[in-house]
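Enquirer: First to last, the sequence lines map onto chains D and U. Taking this note's numbering, the leading residue of the first sequence gets 1, the next gets one more, and so forth. Taking this note's numbering, the leading residue of the second sequence gets 410, the next gets one more, and so forth.
What the hints contain is simulated information worked out from the structure, not anything from laboratory work. You may find that some hints are simply not true.
[Unchecked claim] No farther apart than 16 Å at their CA atoms in a straight line, the calculated lysine to aspartate or glutamate pairs in the EDC-like style are these: (1) K195(D) with E285(D); (2) K419(U) with E431(U); (3) K441(U) with E430(U); (4) K103(D) with E431(U); (5) K103(D) with E435(U); (6) K552(U) with D360(D); (7) K11(D) with D535(U); (8) K488(U) with E543(U); (9) K13(D) with D535(U); (10) K552(U) with E71(D); (11) K11(D) with E543(U); (12) K11(D) with E435(U); (13) K68(D) with D553(U); (14) K339(D) with E415(U); (15) K457(U) with E443(U); (16) K339(D) with E430(U); (17) K413(U) with E447(U); (18) K250(D) with E269(D); (19) K339(D) with E435(U).
Note that the coordinates shown come from a computational prediction; the quantities given were computed from them, not determined experimentally.
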Amino acid sequence: MTQIEQVSIEKFKHLVSERALTGETMLLNMGPQHPSTHGVLRLLLELDGETVVNCIPDIGFLHTGIEKNMEAKTYQKAEVMTDRLDYMNPLGNNLAYCMAVEKLVDLDVPVRAQALRVILTELQRISSHLVWLGTSGLDLAAMSMFMYCFREREQILDIFELVSGQRMMTTYFRPGGVWRDIPVEFEKVVRDFLKIFHKRVDEYETLLTKNPLFLDRTMTLGKLDPALALSFGVTGPPLRASGVNWDLRKARPYMGYEQYDFDVPTRTEGDVYARYLVRVQEMRESLKIVEQALNKLPLGPVRSDNRKFVPPPRSEIGVSMEALIHHFKLWTEGFSAPKASVYAAIESPRGELGVYMEGDGSPKPHRVHMRTPSFDNLGVLPHIVKGALVADLVAILSSIDIVLGDIDR
Amino acid sequence: MDKKLEPIVKAAQEKFGAVVEEFRGELHLVIKPEKIIEALTYLRDEQKFEMLSAMTASDYYPQSAPRFHVIYQLNSLAKNLTLQARVPVSGDQPKLPTAVGVYGMTNWRERELFDMFGINFEEHPDLRRILTPEDSEGHPLRKDFPLGYEEPQFTFNYDEVALRKMFAKE
Chain D
1 MTQIEQVSIE KFKHLVSERA LTGETMLLNM GPQHPSTHGV LRLLLELDGE TVVNCIPDIG
61 FLHTGIEKNM EAKTYQKAEV MTDRLDYMNP LGNNLAYCMA VEKLVDLDVP VRAQALRVIL
121 TELQRISSHL VWLGTSGLDL AAMSMFMYCF REREQILDIF ELVSGQRMMT TYFRPGGVWR
181 DIPVEFEKVV RDFLKIFHKR VDEYETLLTK NPLFLDRTMT LGKLDPALAL SFGVTGPPLR
241 ASGVNWDLRK ARPYMGYEQY DFDVPTRTEG DVYARYLVRV QEMRESLKIV EQALNKLPLG
301 PVRSDNRKFV PPPRSEIGVS MEALIHHFKL WTEGFSAPKA SVYAAIESPR GELGVYMEGD
361 GSPKPHRVHM RTPSFDNLGV LPHIVKGALV ADLVAILSSI DIVLGDIDR
Chain U
410 MDKKLEPIVK AAQEKFGAVV EEFRGELHLV IKPEKIIEAL TYLRDEQKFE MLSAMTASDY
470 YPQSAPRFHV IYQLNSLAKN LTLQARVPVS GDQPKLPTAV GVYGMTNWRE RELFDMFGIN
530 FEEHPDLRRI LTPEDSEGHP LRKDFPLGYE EPQFTFNYDE VALRKMFAKE
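Produce the complete structure using the sequences and hints provided.
Expert: Below, the structure written as structure tokens:
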């Protein structure tokens with residue numbers, strides 16, 4: 001057995017107040033195994049009675065070195081790892097990664113593939129917000145929310161299974177389009193979901209929005225000032241709940257988001273309740289986008305026909321020699337990208353998900369960096385929990401909606 | 410290049426001697442390490458780049474001067490613009506002044522770069538490792554850091570390899 005190292009306060013002296021050194025305030029570990037930290041997150045709390053004086057997050061328990069591993073894989077193979085980043089939003093991660101590759105090698109995506117990407121990422125946004133709503137309800141003792149939210153999430157995961165064969169780790173989007181066309185049942189299944197989900201959101205709201213217990217636990221808590229949010233790079237619903245109208249889907253449309261009519265919900269209060277309202281409203285807006293995209297889903301190919309980057313369909317390989325050569329080259333050597341760098345970003349359910357990608361003329365990326373929204377959103381936590389109660393800290397933490405896979409990478 | 414970016418780029422060239430690169434419509438300003446804090450402050454206050462979207466680095470080993478590029482991806486909400494500032498950092502005791510005073514988010518991102526690349530951010534208030542354990546050795550994202558793999562054990566060298574295994578030491 002190795003010796004268990006004695007941890008002394010010396011290491012954190014610059015982060016806690018002087019009262020902790022004299023023993024007047026208490027240092028307490030919350031996590032890494034705690035139901036309210038939404039994963040393996042450790043918060044070192046300095047407490048004065050029940051009040052939080054300082055909060056020092058300790059992350060990295062889920063660090064898997066995805067960025068390093070990507071440097072050793074070809075562009076097609078590295079994509080599989082993006083699913084494991086933010087496991088509540090695998091399709092969004094695929095999209096950001098594919099957009100970076102497409103920008104780097106200058107590859108076009110057919111309109112049908114773009115519309116499919118929009119439909120599926122919006123469904124993914126709903127499912128991610130449902131997990132947030134369920135677990136955050138659980139943190140605030142609204143137990144039934146969890147059951148209802150996971151019931152609907154199951155339906156969305158079934159749609160993903162229908163199109164990609166996988167419920168969560170889909171890797172359905174590929175550089176240049178999507179893996180393959182959707183099955184014929186797809187439209188009916190999505191329409192069925194849309195039909196019931198409008199009413200289901202109303203049901204969630206009846207349970208929570210005007211519930212006095214819920215209001216008491218959430219209102220005026222964890223106030224986030226817009227200037228602080230911008231300085232800390234906070235994006236997504238926490239930023240919009242603080243009164244900054246910033247959504248990459250509107251500001252810098254990608255995948256044809258400019259064709260769809262939707263609003264960006266914003267609130268000015270910047271508290272836990274405002275973040276709740278923004279997310280619930282976002283689910284309704286996502287439904288609007290899915291509906292419009294489904295109504296005018298264009299026909300045509302779902303993959304680019306640039307054979308230097310996208311493998312040919314199976315039917316061609318048997319009859320065309322060029323197709324066979326392309327297939328062989330793409331799956332053994334891969335395609336090369338120029339010696340340059342790009343940055344592509346999407347609006348994920350948690351905020352700006354950016355991919356910095358640098359090629360070096362070989363089939364493997366020189367550097368891939370995922371700018372994950374949870375990392376920067378959690379960075380602001382120590383500044384907004386000061387003076388809150390420990391029970392409120394749980395509510396504030398869950399309102400930021402972190403995913404530890406997204407933070408630690 | 411976006412029309413709105415032209416005056417900003419011109420000002421950066423004059424004030425900080427920035428070198429401009431362009432690829433697929435993205436602008437990169439290469440700025441010297443000693444000027445970077447001044448440049449970031451100028452871009453935030455005068456040119457309304459309120460937010461730093463991303464901060465990362467890239468290693469060009471075995472090239473040593475400069476070995477690293479530290480990358481600041483700036484974002485302007487008011488003008489809807491992005492701009493990238495790149496700072497070359499030497500491979501010999503890499504260091505850079507901290508930008509915590511300009512953008513709060515660099516606090517954690519600089520800790521990440523310290524952890525992953527071993528770049529020292531001077532006067533950073535809390536420069537500790539963030540993702541890897543405190544007692545770990547080396548900086549994983551450097552190009553000379555090996556990608557881990559399991560060494561195969563055969564009957565003739567089983568014990569020899571077992572001694573080298575990370576978790577089998579006890």
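Enquirer: Hint by hint, note whether the structure agrees.
Expert: Now for the hints, and whether the structure bears them out:
1. K195(D) with E285(D): 14 Å, holds
2. K419(U) with E431(U): 14 Å, holds
3. K441(U) with E430(U): Judged against 16 Å, a Cα distance of about 14 Å means the pair holds.
4. K103(D) with E431(U): 13 Å, holds
5. K103(D) with E435(U): It holds: about 11 Å lies between the C-alpha atoms, which stays within 16 Å.
6. K552(U) with D360(D): 13 Å, holds
7. K11(D) with D535(U): OK: K11(D) and D535(U) at ~10 Å, within 16 Å.
8. K488(U) with E543(U): 41 Å, violated
9. K13(D) with D535(U): With Cα atoms ~10 Å apart, K13(D) and D535(U) stay inside 16 Å; holds.
10. K552(U) with E71(D): 9 Å, holds
11. K11(D) with E543(U): 11 Å, holds
12. K11(D) with E435(U): Cα-Cα ~42 Å, so violated.
13. K68(D) with D553(U): 12 Å, holds
14. K339(D) with E415(U): 25 Å, violated
15. K457(U) with E443(U): Since the Cα atoms of K457(U) and E443(U) sit roughly 22 Å apart, the hinted pair is violated (cutoff 16 Å).
16. K339(D) with E430(U): Within the cut-off at roughly 13 Å; holds.
17. K413(U) with E447(U): Violated: K413(U) and E447(U) sit about 22 Å apart, past 16 Å.
18. K250(D) with E269(D): Distance ~22 Å between K250(D) and E269(D) Cα, so the pair is violated.
19. K339(D) with E435(U): 14 Å, holds
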